[in-house]
Amino acid sequence: MSIRIDQNTCVGCQRCVNICPGSLPAMNESGKAFMAYPKDCWGCMACIKECPVGAIAYFLGPDMGGKGGAMKARREGHFWNWEYTSATGEHQTIVVNAQESNQY
Amino acid sequence: MKFEKRERIDTDVLIIGGGTAGCYAALTLQAHSEAKVLIVEKAAIRRSGCLAAGVNALNAYIVKGRKPQDYVDYATKDAAGIVRQDLLLSMSERLNGVTKVLEDLGLVILKDANGEYMARGNRNIKINGENIKPILADAVLQLPNTTVMEHVIMTDYLVEDGEIKGAVGFSLRHNVAYEIYAPYVICATGGAAGLYRPNNPGFSRHKMWYSPFNTGAGYAMGIQAGAEMTTFEMRFIALRCKDTIAPTGTIAQGVGAKQVNADGEVYETKYGLTTSQRVYGTVKETLDGHGPCYLATEGITSEQNMDLLKAYLNMAPGQTLKWLESGEGPQQQNVEIEGTEPYIVGGHTASGYWVDTNRETTIRNLYAAGDVAGGCPQKYVTGALAEGEIAALAIAKRYEAGKPSGVHVSPALAAQAQTYLDAYDSYLTGEAPLYTTEQLEEAMQRTMDSYAGGIGSYYRFNSKQLAKAKARIEELQIMANHLKADTLHDLLFIYELKERLVVCLTLIAHLGARQETRWHSFAENLDYPETSDEWLCYVNSVATDKGIEIRQRPLVKEDYYEHQN
Numbered sequence: 120m121s122i123r124i125d126q127n128t129c130v131g132c133q134r135c136v137n138i139c140p141g142s143l144p145a146m147n148e149s150g151k152a153f154m155a156y157p158k159d160c161w162g163c164m165a166c167i168k169e170c171p172v173g174a175i176a177y178f179l180g181p182d183m184g185g186k187g188g189a190m191k192a193r194r195e196g197h198f199w200n201w202e203y204t205s206a207t208g209e210h211q212t213i214v215v216n217a218q219e220s221n222q223y
Numbered sequence: 002m003k004f005e006k007r008e009r010i011d012t013d014v015l016i017i018g019g020g021t022a023g024c025y026a027a028l029t030l031q032a033h034s035e036a037k038v039l040i041v042e043k044a045a046i047r048r049s050g051c052l053a054a055g056v057n058a059l060n061a062y063i064v065k066g067r068k069p070q071d072y073v074d075y076a077t078k079d080a081a082g083i084v085r086q087d088l089l090l091s092m093s094e095r096l097n098g099v100t101k102v103l104e105d106l107g108l109v110i111l112k113d114a115n116g117e118y119m120a121r122g123n124r125n126i127k128i129n130g131e132n133i134k135p136i137l138a139d140a141v142l143q144l145p146n147t148t149v150m151e152h153v154i155m156t157d158y159l160v161e162d163g164e165i166k167g168a169v170g171f172s173l174r175h176n177v178a179y180e181i182y183a184p185y186v187i188c189a190t191g192g193a194a195g196l197y198r199p200n201n202p203g204f205s206r207h208k209m210w211y212s213p214f215n216t217g218a219g220y221a222m223g224i225q226a227g228a229e230m231t232t233f234e235m236r237f238i239a240l241r242c243k244d245t246i247a248p249t250g251t252i253a254q255g256v257g258a259k260q261v262n263a264d265g266e267v268y269e270t271k272y273g274l275t276t277s278q279r280v281y282g283t284v285k286e287t288l289d290g291h292g293p294c295y296l297a298t299e300g301i302t303s304e305q306n307m308d309l310l311k312a313y314l315n316m317a318p319g320q321t322l323k324w325l326e327s328g329e330g331p332q333q334q335n336v337e338i339e340g341t342e343p344y345i346v347g348g349h350t351a352s353g354y355w356v357d358t359n360r361e362t363t364i365r366n367l368y369a370a371g372d373v374a375g376g377c378p379q380k381y382v383t384g385a386l387a388e389g390e391i392a393a394l395a396i397a398k399r400y401e402a403g404k405p406s407g408v409h410v411s412p413a414l415a416a417q418a419q420t421y422l423d424a425y426d427s428y429l430t431g432e433a434p435l436y437t438t439e440q441l442e443e444a445m446q447r448t449m450d451s452y453a454g455g456i457g458s459y460y461r462f463n464s465k466q467l468a469k470a471k472a473r474i475e476e477l478q479i480m481a482n483h484l485k486a487d488t489l490h491d492l493l494f495i496y497e498l499k500e501r502l503v504v505c506l507t508l509i510a511h512l513g514a515r516q517e518t519r520w521h522s523f524a525e526n527l528d529y530p531e532t533s534d535e536w537l538c539y540v541n542s543v544a545t546d547k548g549i550e551i552r553q554r555p556l557v558k559e560d561y562y563e564h565q566n
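From first to last, the protein sequence lines are chains A and B. For the record, in the first sequence the residue sitting at position 55 is 174 according to this note's numbering, with numbers rising by one throughout. For the record, in the second sequence the residue sitting at position 396 is 397 according to this note's numbering, with numbers rising by one throughout.
Derived from the structure by calculation, the hints contain no laboratory data. Check before you lean on any hint, since a few could be wrong.
Cross-link-like lysine-lysine pairs, in silico, DSSO-like; alpha carbons within 27 Å at most [unchecked claim]:
1. B/LYS285 <-> B/LYS485
2. B/LYS101 <-> B/LYS65
3. B/LYS101 <-> A/LYS158
4. B/LYS6 <-> B/LYS65
5. B/LYS112 <-> B/LYS37
6. B/LYS243 <-> A/LYS186
7. B/LYS101 <-> B/LYS112
8. B/LYS68 <-> B/LYS112
9. A/LYS151 <-> A/LYS191
10. B/LYS271 <-> B/LYS259
11. A/LYS191 <-> B/LYS101
12. A/LYS158 <-> B/LYS259
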């Protein structure tokens with residue numbers, strides 16, 4: 120499991136670099152963040168939630184059953200929109216209300 | 002490369018680790034003393050520690066109709082008696098108080114029509130804990146007397162005459178090494194992951210249950226400073242969703258899914274329902290040819306299916322992605338389960354510092370709280386908060402009574418700090434050996450897996466295997482001393498490896514010392530496959546010049562315990 124930072128979308132704010140509990144993203148020479156240690160990702164989503172422009176997606180490695188799809192999280196008010204895109208380009212969004220408790 | 006700058010900092014209380022326990026200790030100190038507090042955190046406190054991803058239930062709460070003693074009894078039974086009554090009770094009495102504080106800070110807790118918390122079983126309440134860490138961090142960052150230093154790691158304690166004086170460390174960002182002097186220190190660094198070969202040793206090697214960034218720093222610093230440790234042999238192995246290593250409790254308790262083997266037979270009742278028995282049952286079924294094992298979710302309603310997808314997004318989003326990637330949710334397919342690699346984590350089992358009732362370690366004025374503190378299993382989030390509170394209250398009392406005016410730095414203490422700081426530079430200069438930090442980490446994990454009861458040996462071991470593990474870990478320690486770092490991050494990796502190797506050696510000594518099998522899988526000693534009443538005692542250890550000295554201590558049944566030498 121790891122993350123990919125879209126170089127075209129990244130605005131170089133360094134929030135992901137600062138929030139990651141493993142200090143895993145770093146800045147490259149063109150002032151964009153990149154995943155410096157892809158094998159060390161815990162999958163905690165801190166960077167994805169912190170990114171102001173939705174540049175970061177997470178994916179499962181093939182060793183965990185990943186098929187090339189990826190997921191992002193976008194905050195809208197009290198809602199998290201979790202947006203999944205499969206390898207073949209199909210989209211699915213799951214909306215989670217951040218003010219609602221887990222029912223389980 | 003060398004450290005360009007050495008900085009000295011003086012504070013009244015140093016808190017090492019800004020996770021659950023550390024943050025709550027800072028909040029408590031602010032409310033009860035005028036002490037100046039410094040939190041040193043290796044990442045950023047808004048998303049560091051075990052709760053970076055969030056959590057979706059508080060698993061330690063005294064629900065309506067129950068008493069703190071009920072929780073003590075439950076945890077005692079689950080650990081087959083090897084717990085500290087005083088620690089469990091003092092924690093249990095505070096579980097509801099700290100929960101109220103978190104709710105007041107903004108944590109969403111599910112309530113019924115009467116405004117009472119909704120219970121999940123006998124000890125749990127349901128929350129939306131996705132933002133639990135930002136909530137805690139925001140409160141801490143507003144405290145006037147608390148300073149937070151982020152992206153700094155502490156590597157060694159400063160100790161003189163059995164009393165803590167501070168710690169040394171370095172910045173991951175600024176090429177600065179720190180010597181921090183404090184008359185009181187709280188160690189809240191969490192437990193240790195990454196000792197054993199993990200479930201997904203390749204690309205997804207860090208997709209583990211426990212935070213891979215909790216590398217046992219607090220244990221290692223304590224062991225090296227001669228602090229007494231307890232019950233490392235009670236390892237924690239989590240039963241988790243296969244591959245993603247996501248929690249199973251939400252499925253088991255949320256939709257009432259039972260553990261079944263590949264033949265569809267419910268096996269959990271065959272082996273017992275304690276935490277270790279649930280893991281052991283799954284291992285045993287697989288060994289007997291009935292694997293893989295599952296949580297039986299097939300046939301749940303579509304609403305339940307979607308609720309589970311959402312619930313996992315709040316705490317382990319990898320599992321939701323796995324369901325989406327496979328095209329089948331838990332309604333269509335049972336969820337396969339497996340045991341994780343073993344961890345040392347005092348929030349779940351009883352491993353950690355040997356502390357008194359106030360959470361003071363055997364090093365005077367050094368306190369331990371949360372996963373790093375031993376004797377008090379089943380702490381979970383609220384128990385870690387409670388321990389942060391207990392340690393902070395004890396320090397506040399001493400501080401207000403004595404108001405120490407900083408630490409007097411004797412020549413001997415300055416020399417101690419110098420030795421540790423010089424060690425950093427030794428890793429930053431000179432030629433690299435033929436091996437890397439990563440390779441040594443793999444060698445350590447492989448050794449522990451094969452010879453100290455990892456996944457690959459079905460969590461079982463005997464004394465001959467442990468002897469091999471010890472010999473190899475000692476070799477790796479010598480090799481690690483020659484590693485070289487080009488960057489501060491490399492230096493972090495070297496220290497994390499060294500910490501883990503120290504923890505491994507103590508763990509191996511403990512596994513060999515307990516000559517019985519009290520907890521299947523957690524400590525499955527093939528030389529002694531039965532439980533023995535002779536071992537109704539604690540196995541403690543102290544690292545000395547001659548090696549690791551094991552001490553058996555009688556069970557503490559009283560409500561209060563003080564250190565006596």
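Status of the hints after comparison with the structure:
no.: 1; hint: B/LYS285 <-> B/LYS485; verdict: violated, 43 Å
no.: 2; hint: B/LYS101 <-> B/LYS65; verdict: holds, 14 Å
no.: 3; hint: B/LYS101 <-> A/LYS158; verdict: violated, 39 Å
no.: 4; hint: B/LYS6 <-> B/LYS65; verdict: violated, 56 Å
no.: 5; hint: B/LYS112 <-> B/LYS37; verdict: violated, 38 Å
no.: 6; hint: B/LYS243 <-> A/LYS186; verdict: holds, 16 Å
no.: 7; hint: B/LYS101 <-> B/LYS112; verdict: holds, 13 Å
no.: 8; hint: B/LYS68 <-> B/LYS112; verdict: holds, 20 Å
no.: 9; hint: A/LYS151 <-> A/LYS191; verdict: holds, 18 Å
no.: 10; hint: B/LYS271 <-> B/LYS259; verdict: holds, 12 Å
no.: 11; hint: A/LYS191 <-> B/LYS101; verdict: violated, 33 Å
no.: 12; hint: A/LYS158 <-> B/LYS259; verdict: violated, 33 Å
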